[in-house]
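These protein sequence lines map, in sequence, to chains A and B.
Counted the way our numbering counts, the first sequence spans residues 2 to 269.
Counted the way our numbering counts, the second sequence spans residues 2 to 269.
None of these hints come from the bench; they were simulated from the model.
Heads up, some of the hints might be wrong.
Simulated restraints, written as ranges between beta carbons of each label pair [to be verified]: (1) A:T144 / B:K43: 56 to 62 Å; (2) B:I5 / A:G67: 24 to 30 Å; (3) B:T157 / A:R256: 50 to 56 Å.
All C-beta atoms, glycine included, are put in the ideal place defined by N, C-alpha and C.
Protein chains: 2
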Amino acid sequence: MEEITLTAGQHDLIYNLISMTLAVMGGAFIFFLASMKRINRKHRASMIVSAVIVAIAGYHYWRIFGSFESAATMLEGGGYAFATEAFNDAYRYVDWIITVPLLMVELVLVLDFKDDVRRKFIAKMSVAAFLMIALGYPGEVATSTSAVLLWGTLSTIPFLYLLYVLWSEIGTAIEGESDRVKVLMRNTRLLILATWGVYPIAYLAPVMGFEGATALVVLQVGYCLADMTAKAGYGVMIYSIARQKTVEEGGVTERVEVATGGAAAVPE
Amino acid sequence: MEEITLTAGQHDLIYNLISMTLAVMGGAFIFFLASMKRINRKHRASMIVSAVIVAIAGYHYWRIFGSFESAATMLEGGGYAFATEAFNDAYRYVDWIITVPLLMVELVLVLDFKDDVRRKFIAKMSVAAFLMIALGYPGEVATSTSAVLLWGTLSTIPFLYLLYVLWSEIGTAIEGESDRVKVLMRNTRLLILATWGVYPIAYLAPVMGFEGATALVVLQVGYCLADMTAKAGYGVMIYSIARQKTVEEGGVTERVEVATGGAAAVPE
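Kindly produce the complete structure, drawing on both the sequences and the hints.
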């Protein structure tokens, strides 16, 4: 079993960042659920999906935390022995398989696509997301540089396709929205591009000359920061769009139907 | 590995105070969520943020509790051997990195800043809070007095800036509020000043002549008391402001859209 040595600083950085990501996902979950009533019903679906995404990610970070803890053993002379094979990084891939299609769904819901456009978009995006993640995993666990590059390249094709469709569809959806909503949507688009760009960079850490402990640190720090932003931060952006639309609709309103006229009997 | 000896009294004081803080955060979480419906929708955002803050702090105190427990070993002759390196104090810093900007957001939301003022304020405060905490951490884990003082001084600059902006912005926001709300806002401002002042004092414990076990006690007791007040207590103050505003608005009102027509609209 391969074992690498982490300095106390390297160990603590990863350890605390995994815990921080778990805390952020939990906090975001509470925020999305509690904020539901501050937006009009018709925009709430995207908030529900946001809550589901961060709950699933929170679960996986709880598992990753446990896995990281049990793979590390404190050394007598300081630092940690880390059994890389005992650390299950597949939790991340399982998480992405579930949550990345949901991130697309969340976006579509807040963008108010027409029914037929929406169905096509979700189908295309889900297939692309699945291919992207499934093709990336063999490269993540590969030990040879050529395998990392091969699977990385294959995974990049659906990834670029996904970003391209996202970019152009958001561009189309923006038309007809108020100026404030437009700004928020453009910012969301930039946030997606910036955070999603971190994943391939972290993925490539082993072939960019980083080795052993350093590669582990770059990979884990990159994934944690990207997950926090791409899930919780992105969810907050989606919330801002939904909230702004609600404000423009005159605030949260409840529809009440009142029976008038002769037939006034209202069944319970 | 550095080990210090705690008397049973010192150990129990920290142990029980960490547990107490965890209980207070949990209780505050329930209070903020359950009280939501007693204030008008437009003031609820600050309550939601309060709930998120104490939930995240509760999570961290749960981790701190576990970490403290596993770092202490009961000695045959009474008292405890405490492995300082096994006690992860970074949980506190991670917690502050997330929650201090949220405490600012919470305040801004209840103060009803105008949109552009609010955005600027949050941006300024978040940067200052991040710098304050990030610059403080190296000093917290430093072993030499000069390093503690250097990082402490660097961290104090954004800290003072933050307090100054807070103080003056609250002063401006107070104008135009009712007398009762004014009093509550002034008290909140004093509470911030009083509790936030505890953090640097606790931080300086190791250089104020406190050593080993005593330094640990001063640090942990100070942080626990400050966290309870600055998060749960502060949240209750924010709640009081939101509730007072609701009362002045004539109680909780819901916006209702009424659908009427010639033919009786009968609900299902």
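For each hint, the structure was consulted:
Evaluation of the 56 to 62 Å hint for T144 of chain A and K43 of chain B yields a pass: the beta carbon distance comes to about 57 Å. Distance hint check: the CB atoms of I5 of chain B and G67 of chain A are about 29 Å apart, consistent with the given range 24 to 30 Å. Under the hint 50 to 56 Å, the C-beta atoms of T157 of chain B and R256 of chain A, about 54 Å apart, fit the expected range.
The earlier numbered hints are all upheld by this structure, with none contradicted.
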